[in-house]
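Novice: Modelling step: build the complete structure from the supplied sequences, incorporating the hints.
If you read the protein sequences in the order shown, they are chains A and X. The numbering of the first sequence is numbering that gives the first Met the number 0, which starts it at 0 and goes up by one. The numbering of the second sequence is numbering that gives the first Met the number 0, which starts it at 0 and goes up by one.
No wet-lab data here; the hints were simulated from the structure. Just to be clear, a hint being listed does not mean it is correct.
Here are the simulated distance ranges between beta carbons [claimed, not checked]: (1) A/PRO20 <-> X/PHE160: 30 to 40 Å; (2) X/THR90 <-> A/TYR26: 34 to 44 Å; (3) A/VAL372 <-> X/SER197: 40 to 50 Å.
To be clear about the criterion: a stretch of chain A counts as covered by chain X if any three or more of its residues have a C-beta under 8 Å from a C-beta of chain X, and this derived list gives those stretches [claimed, not checked]: (4) 104-110; (5) 212-219; (6) 412-419; (7) 449-460; (8) 519-531.
Cross-link-like lysine to any residue pairs, in silico, SDA-like; alpha carbons within 25 Å at most [what the hints assert, rightly or not]: (9) A/LYS110 <-> X/GLY170; (10) A/LYS110 <-> X/LYS113; (11) A/LYS110 <-> A/SER29; (12) X/LYS113 <-> X/PRO56; (13) A/LYS547 <-> A/PHE24; (14) A/LYS110 <-> A/TRP465; (15) X/LYS113 <-> A/GLU229; (16) A/LYS110 <-> X/GLN11; (17) A/LYS520 <-> X/GLU9; (18) A/LYS520 <-> A/ARG494; (19) X/LYS113 <-> A/VAL233; (20) X/LYS113 <-> X/VAL192; (21) A/LYS520 <-> X/PHE181; (22) A/LYS110 <-> X/SER22; (23) A/LYS110 <-> X/PRO63; (24) A/LYS110 <-> X/GLN21; (25) X/LYS113 <-> X/GLY170; (26) A/LYS547 <-> X/GLN11; (27) A/LYS110 <-> X/PHE25; (28) A/LYS110 <-> A/VAL233; (29) A/LYS110 <-> X/SER169; (30) A/LYS110 <-> X/SER77; (31) A/LYS547 <-> A/VAL233; (32) A/LYS110 <-> X/GLY122.
Heads up, the beta-carbon is just placed ideally off N, CA and C, and yes, glycines get one too.
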Amino acid sequence: MTTVPPEAAAQPLNPPATHAPPRNFTYWLSTTNHKDIGILYLGLGALFFLIGGVEALVMRLQLAVPGNTLLRGETYNEFFTLHGTTMIFLAVMPMLLGFSNYLVPLQIGAKDMAFPRLNAFGFWLSALGGLTLYLSLLEGPPSMGWFAYAPLNERPFSMSLGTDFWAAALLLTGTGTTLTAINIIVTASRYRAVGMGLWKMPLFSWMAYVNSFIIVFAFPALNAALIMLEVDRVLSGHFFSHGGSPVLWQHYFWLFGHPEVYIMILPAWGIISEVIPVFSRKPIFGYEFVAGSTLAIAVLSFAVYAHHMFAVGFARPVNLAFAASTMLIAVPTGIKVTNWVATLWKGSIRFTVPMLYALAFILQFTFGGITGVSFAVLPIDWQVTDTYYVVAHLHYVLMGGTLFALLSGLHFYYPKMTGRMLSDALGKLAFWMIVLGFNGVFLVQHVLGLMGMPRRVYTYPDLPGWGALNMISTVGAFVLGLGLLLTLINLVVSRRLGRVAGDNPWQAWTLEWLTSSPPPKSNFSRLPPVHSSRPLWDLQHPHDPDHKRPRRHDKGGHIREEEKEHHQ
Amino acid sequence: MTASPVPASETQPPEHIDRNRQSNGFWGMAAFLATDVVMFTLLLVANIYLRRYSHGPGQASLDPGTTFWYSLGLWASSGVLILAERLRRQTELSGLLYLLTAGLGLVFVYGQVKEYLRLTHLGARVDVNLFYTGFYTVTGLHGLHVLVGALALIVAAVLRFGGRLGERRSGFTGGLGLYWHFVDGVWAVLFAVLYLWSGP
Ligand code: HEM
Ligand SMILES: [Cu+2]
Chain A
0 MTTVPPEAAA QPLNPPATHA PPRNFTYWLS TTNHKDIGIL YLGLGALFFL
50 IGGVEALVMR LQLAVPGNTL LRGETYNEFF TLHGTTMIFL AVMPMLLGFS
100 NYLVPLQIGA KDMAFPRLNA FGFWLSALGG LTLYLSLLEG PPSMGWFAYA
150 PLNERPFSMS LGTDFWAAAL LLTGTGTTLT AINIIVTASR YRAVGMGLWK
200 MPLFSWMAYV NSFIIVFAFP ALNAALIMLE VDRVLSGHFF SHGGSPVLWQ
250 HYFWLFGHPE VYIMILPAWG IISEVIPVFS RKPIFGYEFV AGSTLAIAVL
300 SFAVYAHHMF AVGFARPVNL AFAASTMLIA VPTGIKVTNW VATLWKGSIR
350 FTVPMLYALA FILQFTFGGI TGVSFAVLPI DWQVTDTYYV VAHLHYVLMG
400 GTLFALLSGL HFYYPKMTGR MLSDALGKLA FWMIVLGFNG VFLVQHVLGL
450 MGMPRRVYTY PDLPGWGALN MISTVGAFVL GLGLLLTLIN LVVSRRLGRV
500 AGDNPWQAWT LEWLTSSPPP KSNFSRLPPV HSSRPLWDLQ HPHDPDHKRP
550 RRHDKGGHIR EEEKEHHQ
Chain X
0 MTASPVPASE TQPPEHIDRN RQSNGFWGMA AFLATDVVMF TLLLVANIYL
50 RRYSHGPGQA SLDPGTTFWY SLGLWASSGV LILAERLRRQ TELSGLLYLL
100 TAGLGLVFVY GQVKEYLRLT HLGARVDVNL FYTGFYTVTG LHGLHVLVGA
150 LALIVAAVLR FGGRLGERRS GFTGGLGLYW HFVDGVWAVL FAVLYLWSGP
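Specialist: Spelled out as structure tokens, the structure:
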């Protein structure tokens with residue numbers, strides 16, 4: 000540290016808020032502050048994650064032994080439809096938007112979002128959508144699966160109003176999501192602190208920003224498909240049956256659906272890109288590549304959508320084109336993984352709970368990505384599509400990937416959001432149960448899929464090995480559930496009993512760690528000058544700031560010794 | 000954070016610096032309209048793709064002549080709106096021009112409803128075939144856009160009359176203007192593709 004004028008040193012740049020209004024029910028209903036909306040989103044996501052999780056456990060109970068009769072076939076269909084829809088639209092999406100809402104203004108040094116009231120409106124639309132989906136229980140819930148293939152989604156095959164509730168729910172949450180994305184685009188474009196160019200934005204904000212563009216272009220495809228579906232169902236239109244084209248539904252759905260999987264992974268990558276450098280005590284390796292490959296992903300995510308439709312029977316050149324684009328998208332994804340690993344390389348790694356989740360993320364996500372690429376090989380896809388192999392793949396990327404990143408982010412940002420540290424012991428215990436449980440559930444499903452077990456069956460015959468593998472999967476699910484329960488307990492208990500965190504408990508380098516924990520209503524009163532993507536590093540090392548050091552590596556390509564920070 | 004080593008003179012308040020002259024409302028609306036572009040395009044593509052397999056009443060039942068005159072009104076309203084914004088100093092006149100814009104939009108919607116009734120009478124209903132399923136979906140959605148826009152224009156007129164549509168609301172006027180021109184533009188495409196072009 001340098002010599003500092005005493006009066007400046009004595010005063011923190013951003014003193015904590017002094018008096019705050021009481022946080023009662025009406026406060027939460029009417030708040031427009033981005034941090035409150037972020038927390039509301041996280042809460043909404045957690046609530047639906049609980050519901051979707053219980054649905055999953057019931058399905059796993061039904062599948063525990065061959066020929067089980069706990070659920071009827073139709074009920075099982077309703078369970079997996081509600082489970083898939085809930086997890087994707089009401090659990091993962093709200094949690095990701097919660098982080099975006101909470102973090103983007105803080106990371107770029109803004110007071111709030113560009114449209115605070117629109118922000119609240121978007122959240123409540125999403126909440127209403129969640130309610131609408133579960134109101135379908137009164138009418139007979141939807142049972143055609145989360146991607147609702149035509150003509151199963153049409154009146155003659157899904158006669159209950161539940162399918163219409165489903166469509167309404169997706170339109171509502173989708174609109175809420177789109178409004179939030181528009182908000183993030185305008186906020187990150189116009190409200191960045193002086194000196195923070197686009198290519199100096201913290202990586203989480205970068206990815207949330209690019210993600211918002213994907214949302215803006217992908218969700219209208221879903222909306223168009225849903226409107227057409229309702230014209231068919233309510234007004235007896237002909238889009239997807241009665242002379243129309245069921246494959247058209249698949250085109251429009253996956254034109255949304257594949258970008259959607261990247262919508263769910265980009266913010267997760269953002270969280271990982273924040274956590275890994277902090278706990279390796281090194282700047283991220285290849286910032287420009289991590290950020291830039293995101294742009295490639297954004298474009299390619301639309302260009303690969305028909306890889307979900309290899310079984311439709313397209314002409315050969317069409318299949319080959321989509322197989323090729325699918326393999327291509329693995330390149331920018333691989334670049335990111337490489338950069339995270341390179342960041343770990345020779346770092347002084349601190350195995351905190353958020354870091355453990357981040358490391359598990361890298362392994363599990365990479366594994367899921369590799370099975371993903373295996374689908375791009377057409378004969379493999381034809382063999383394993385609609386088997387448990389696909390179920391295993393999508394859960395490795397969605398749960399082993401996105402959810403682990405969310406848990407990492409939750410443990411990383413909890414001190415900022417609440418001012419308290421989570422219990423380390425409880426966190427580590429829960430982590431190991433979750434890792435064990437998760438891999439227990441899904442690793443064996445690769446094998447089941449390769450043995451030919453189809454997905455979306457409510458029971459199965461007692462073929463050799465099937466019963467044992469399914470039993471492992473079910474036991475794993477309960478270990479996983481228990482681990483998640485422990486995490487929930489940790490979150491609740493530490494709110495009162497946790498150690499006081501201070502502004503920057505992890506010694507991180509981005510602006511959100513400059514302000515108090517939890518931050519005051521308008522985040523910052525003064526901002527330091529921003530010259531690099533690590534403004535707090537520059538602040539703490541006035542003689543060795545990032546922007547005065549153009550090269551991070553010596554001639555041999557190794558990280559220079561001074562680049563590593565040793566005091567911890 | 001430990002105490003800041005930066006002298007207070009070097010820090011800055013988190014002010015919002017405007018890099019562009021357009022308002023937040025304008026850019027927010029632009030992003031929203033991007034979603035609309037995608038949605039209208041996909042609905043129109045569905046119609047173009049499916050109408051080849053359509054049987055029964057088709058494009059020939061439409062009435063491009065009458066519709067054209069109503070369309071002209073809608074397109075003219077875009078010009079009126081530009082005038083309304085240019086003349087914002089003259090409260091009364093500008094307010095009236097906003098109302099006129101809304102009125103032209105509503106007349107267009109009236110024309111569309113008349114066309115719907117005429118077609119229904121002829122038996123060209125939404126459930127009759129592929130062409131009309133698509134036709135009603137995409138024109139209906141567009142009509143809804145016009146209706147919403149007209150309501151917003153009436154709000155703008157009322158605000159203007161009350162002298163409450165100043166700089167502080169430039170986001171509202173900027174966004175609304177962009178929206179209205181966009182809706183008019185979409186109609187030009189829909190009119191050409193549905194009424195004039197005989198399809199692939
Ligand atoms: C990045 C996160 C990813 C997510 C969230 C994700 C999600 C999914 C989901 C949900 C499905 C299931 C479709 C269904 O319901 O049948 C799926 C299937 C598929 N995924 Fe991924 N995926 C990801 C990454 C990848 C990658 C990196 C690739 C290839 C490079 C890939 C290739 C595929 C293919 C080809 C299928 C189609 C399988 C089939 O049904 O035949 N995915 N993915
Ligand atoms: Cu995909």
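Novice: Against this structure, judge whether each hint is valid.
Specialist: Results of checking the hints against the structure:
1. A/PRO20 <-> X/PHE160: 30 to 40 Å: 37 Å, holds
2. X/THR90 <-> A/TYR26: 34 to 44 Å: Hint holds: Cβ distance 39 Å, inside 34 to 44 Å.
3. A/VAL372 <-> X/SER197: 40 to 50 Å: Holds - the Cβ-Cβ distance for A/VAL372 and X/SER197, about 45 Å, lies within 40 to 50 Å.
4. 104-110: holds (count 3)
5. 212-219: As far as the region 212-219 of chain A goes, the hint holds, because 4 residues have Cβ atoms under 8 Å from chain X.
6. 412-419: violated (count 0)
7. 449-460: Answer violated; 0 residues pass the 8 Å Cβ test.
8. 519-531: Coverage by chain X holds for the region 519-531 of chain A (8 residues, Cβ < 8 Å).
9. A/LYS110 <-> X/GLY170: 19 Å, holds
10. A/LYS110 <-> X/LYS113: 51 Å, violated
11. A/LYS110 <-> A/SER29: The hint holds at about 18 Å.
12. X/LYS113 <-> X/PRO56: Given pair X/LYS113, X/PRO56 holds - Cα atoms ~18 Å apart, limit 25 Å.
13. A/LYS547 <-> A/PHE24: 50 Å, violated
14. A/LYS110 <-> A/TRP465: Between A/LYS110 and A/TRP465 the Cα gap is close to 56 Å, so the pair fails against 25 Å, i.e. violated.
15. X/LYS113 <-> A/GLU229: 24 Å, holds
16. A/LYS110 <-> X/GLN11: Satisfied, since the Cα-Cα distance of roughly 13 Å is no more than 25 Å.
17. A/LYS520 <-> X/GLU9: 23 Å, holds
18. A/LYS520 <-> A/ARG494: 19 Å, holds
19. X/LYS113 <-> A/VAL233: Roughly 22 Å between the alpha carbons, so the hint for X/LYS113 and A/VAL233 holds.
20. X/LYS113 <-> X/VAL192: 20 Å, holds
21. A/LYS520 <-> X/PHE181: Status violated; Cα separation ~37 Å.
22. A/LYS110 <-> X/SER22: 18 Å, holds
23. A/LYS110 <-> X/PRO63: Roughly 53 Å separates the two Cα atoms, so the pair is violated.
24. A/LYS110 <-> X/GLN21: 20 Å, holds
25. X/LYS113 <-> X/GLY170: This hinted pair is violated, its Cα atoms lying about 35 Å apart.
26. A/LYS547 <-> X/GLN11: Holds: A/LYS547 and X/GLN11 sit about 21 Å apart, inside 25 Å.
27. A/LYS110 <-> X/PHE25: 20 Å, holds
28. A/LYS110 <-> A/VAL233: This hinted pair is violated, its Cα atoms lying about 45 Å apart.
29. A/LYS110 <-> X/SER169: Since the Cα atoms of A/LYS110 and X/SER169 sit roughly 21 Å apart, the hinted pair holds (cutoff 25 Å).
30. A/LYS110 <-> X/SER77: 37 Å, violated
31. A/LYS547 <-> A/VAL233: Roughly 64 Å separates the two Cα atoms, so the pair is violated.
32. A/LYS110 <-> X/GLY122: Roughly 58 Å separates the two Cα atoms, so the pair is violated.
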